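Peer 1: Sequence:
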Amino acid sequence: MIGSGPAESGSIPPLGGSRRSRLLPAPQDRRGLLIAVVSSVVVFGVIGYVIATSPGWPRFRDSFFSAEVFAESWPRIARAFWVNVRLFLSAEVLVLILALVLAVLRSLPGAVMFPVRLLATAYVDLFRALPGILVISVLGFGIPALRIEWLPTDEFFWALVALTLLYSAYVSEVYRAGINSIHPSQVAAARSLGLSQLQAMRFVVIPQAVRRVIPPLLNDFIGLQKDTALVSILGVVEIFRAAQIRQAATFNSTPYVITAVIFVLLTVPMARFVDWLVARDQRRASAAAR
Numbered sequence: 001m002i003g004s005g006p007a008e009s010g011s012i013p014p015l016g017g018s019r020r021s022r023l024l025p026a027p028q029d030r031r032g033l034l035i036a037v038v039s040s041v042v043v044f045g046v047i048g049y050v051i052a053t054s055p056g057w058p059r060f061r062d063s064f065f066s067a068e069v070f071a072e073s074w075p076r077i078a079r080a081f082w083v084n085v086r087l088f089l090s091a092e093v094l095v096l097i098l099a100l101v102l103a104v105l106r107s108l109p110g111a112v113m114f115p116v117r118l119l120a121t122a123y124v125d126l127f128r129a130l131p132g133i134l135v136i137s138v139l140g141f142g143i144p145a146l147r148i149e150w151l152p153t154d155e156f157f158w159a160l161v162a163l164t165l166l167y168s169a170y171v172s173e174v175y176r177a178g179i180n181s182i183h184p185s186q187v188a189a190a191r192s193l194g195l196s197q198l199q200a201m202r203f204v205v206i207p208q209a210v211r212r213v214i215p216p217l218l219n220d221f222i223g224l225q226k227d228t229a230l231v232s233i234l235g236v237v238e239i240f241r242a243a244q245i246r247q248a249a250t251f252n253s254t255p256y257v258i259t260a261v262i263f264v265l266l267t268v269p270m271a272r273f274v275d276w277l278v279a280r281d282q283r284r285a286s287a288a289a290r
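In this note's numbering, the protein residues as written are 1 to 290.
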């Protein structure tokens, strides 16, 4: 019967509902949100109480949360962070290029390309298996020790090379996943129009693949931004090394807290931006599927 349709039963909200009712969450959702907020406040309040009433809290507070040391050390450590920014931006450009080349080489079909695919695969497997701090140490200390005249000995240069080699291996797999997600019929259609295999890859596959993998690429670059602190073992005076110097000068660990605060201030907005991109892609995919 007409009167027993879904609109009357309440499964579909009426189109004439107020704008306020559409914007505000449902009562059960508001109740769940309130419970989540209250439980979070209680849990963190208990944790804070346990820490603040512990016997070692006064000494811990003076060692890690000294306002005087924080104010004195912040400008010096913040200036050193620009070394991390330079290193991160330079490595990001190189990683994007090298990783894309590796992904394309691993995706080339045909028996004649087997040696190329094998070399690219060996490169990716090697640098994904090695710890980052080991690669940085070997390149930063080992290569200058060879005393080859035409090779640079600058610590920043070898830190950049090490991070590029490491992250190009990870990012190439992200690119390759995007390339493999493109249906082979698109390559076949491009070939039928007279494009070569490389032209089909350049003009058809890669533009679509890159758009699909932007969120996971940004996740890898968040990791790259944090791993710039590893180059401090080479003597590069970046943010973590500057914090170590200030800690040794003041006999106080507050500079490490400053380092953590700066990384959080940079990383959290990047993570939320990645979440926004993922949500946008999901909305586009669901809209296209309708």
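Calculated from the structure, these hints are not laboratory results. Given the structure is predicted, the values throughout are model-derived calculations rather than measurements. Do not rely on the hints blindly, as some may be mistaken.
If you anchor each label on the Cβ, the simulated ranges turn out as follows [what the hints assert, rightly or not]: (1) 214 <-> 154: 44 to 50 Å; (2) 113 <-> 146: 53 to 59 Å; (3) 186 <-> 115: 54 to 60 Å; (4) 125 <-> 44: 52 to 58 Å; (5) 148 <-> 74: 38 to 44 Å.
As a list, the in silico DMTMM-like pairs of lysine to aspartate or glutamate whose alpha-carbon atoms are at most 25 Å apart [claimed, not checked]: (6) 226 <-> 149; (7) 226 <-> 72; (8) 226 <-> 125; (9) 226 <-> 275; (10) 226 <-> 154; (11) 226 <-> 155.
Where a beta carbon is used, it is the ideal one built from N, C-alpha and C, also for glycine.
Peer 1: The structure should be examined with respect to each hint, and the outcome stated for every one.
Peer 2: Hint-by-hint comparison with the structure:
For the pair residue 214 and residue 154, the supplied restraint of 44 to 50 Å is violated, since their beta-carbon distance comes to about 32 Å. Hint check: residue 113 to residue 146, Cβ distance near 33 Å, so the stated range 53 to 59 Å is violated. One distance hint, 54 to 60 Å for the beta-carbon pair residue 186 and residue 115, is violated here, with the actual separation near 27 Å. Between residue 125 and residue 44 the beta carbon distance is about 43 Å. The supplied range of 52 to 58 Å is therefore violated.
Restraint check, residue 148 to residue 74: a C-beta distance of roughly 41 Å satisfies the suggested window 38 to 44 Å. Of the supplied pair hints, the one linking residue 226 and residue 149 is violated, its CA atoms being roughly 32 Å apart against a limit of 25 Å. For a cut-off of 25 Å, the pair hint linking residue 226 to residue 72 stands: about 24 Å separates their Cα positions. For the suggested pair residue 226 and residue 125, the alpha carbons sit about 22 Å apart, so the restraint of at most 25 Å is met.
Under the criterion of a C-alpha separation no larger than 25 Å, the hint pairing residue 226 with residue 275 is consistent with the structure, at around 18 Å. A distance of roughly 21 Å separates the Cα atoms of residue 226 and residue 154; the hinted pair therefore holds under the 25 Å criterion. Distance hint between residue 226 and residue 155 is fulfilled; the C-alpha atoms sit about 18 Å from each other, no more than 25 Å.
When each numbered hint is compared with the structure, violations occur for hints 1, 2, 3, 4 and 6.
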